[in-house]
Amino acid sequence: MSVQTADAGLDSKLWSGRRRALRRNLTAFLFLLPTFLFLAIFMYQPTVNVIYHTLFRWDGFTVERYVGFKNFITMVNDPNMHIASRNLGWFFLGWMLQRISPFLVAELVFNLKRERSKYWYRTLFVLPMVVPFLVTIMIWKFIYNPLPTTGVLNRMLGSFGLEQWQTAWLSEPSLVILALLFVSFPWISGWPFMIFYAGLQQIPSEVLDASVMDGCNVWQRMVRIDIPLVVTSIQLVAIQTMIGIIQEFAFVLIMTAGGPAKASLVPGLLLFMAAFRGDQMGYGATIGVTMFIAIFILTLLSFRYTTSPFARTRRTRET
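Heads up, the sequence shown is in full-length UniProt numbering, so the first residue is 1 and it goes up one at a time.
Take the hints with a grain of salt, since some may be wrong.
To be verified - Taking lysine to aspartate or glutamate pairs in the EDC-like style, the calculated list, with each CA pair at most 16 Å apart, reads:
| no. | residue 1 | residue 2 |
| --- | --- | --- |
| 1 | LYS141 | GLU107 |
| 2 | LYS118 | GLU107 |
| 3 | LYS262 | GLU172 |
| 4 | LYS262 | GLU107 |
Please keep in mind that the hints were generated in silico from the structure rather than gathered at the bench.
Construct the entire structure; sequences and hints are all you get.
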């Protein structure tokens, strides 16, 4: 009898504990419910809707017409998409190289001996972030003005007697991508600098002291210590850069509108023109879904082939 009573008491305690845990979980779920609803209405539902419209020909107003995968076939055979993809490759290479300069500057500032100098350099390189990027674009558009009297770059060339180099920088198909890549030169400020500098600050001081005792010079320390230990920061910057490059269209739209002769056309701008200027919402949705798949695959590859030394050490110990 006593055993049955003890079992009943134990079951009662277990049940009451489960009810308390359920009540706590329910309370947490109710607090998170508005966030879930917001994500479902404003993120997940539009995403599913875009995927749905890739199977239809639709101008945004009239009745949809089912076409299956014809939009994808049209995109693969579209010469404008071929041009945009090629231009995107050049932008990809150029902007990835741009992200190296903030790391080198962060490395230089991090190695400064005087704390006051570090403070002033950090302020100097972060201050340009206050300027909106749209303002930066308009400034560079003024710099590239083709008139020799108002264009800053052409006027500088003329003052040095280099009139033969003056040109319409944004109107030359062979120069337009290079001119766009030079926007925001020398590319040393902004969030990549902050990410790299924060990553360098996380390197243990014992490792740095040991490198000094071993006689490492600046180059050896950067290649063998700093870069391997901030590989997660490099990975973050690379992923964000890839996503930004694939999605980019406003910058090109303001500077060149994809010209001249489609020499600066990119997939994001092609999506915008097809969906909102060409009344081809289904085709625009197809380009958008393709861009999403490309971003997803590149992100997976980045996580697959870029790991920090700490993760590799942990994985080795586990095996």
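CA of LYS262 to CA of GLU107, is that 16 Å or under? Not satisfied, since the Cα-Cα distance of roughly 39 Å exceeds 16 Å.
For the pair supplied as a hint, LYS262 and GLU172, is the alpha-carbon distance within the 16 Å limit? 11 Å, holds
Given pair status - GLU107, LYS118, alpha carbons within 16 Å: It holds: about 11 Å lies between the C-alpha atoms, which stays within 16 Å.
Measure nothing beyond the straight line between the CA atoms of LYS141 and GLU107; if it is 16 Å or shorter, mark the hint as holding. 31 Å, violated
Violation of the numbered hints given earlier is confined to hints 1 and 4; the remaining hints are satisfied by the structure.
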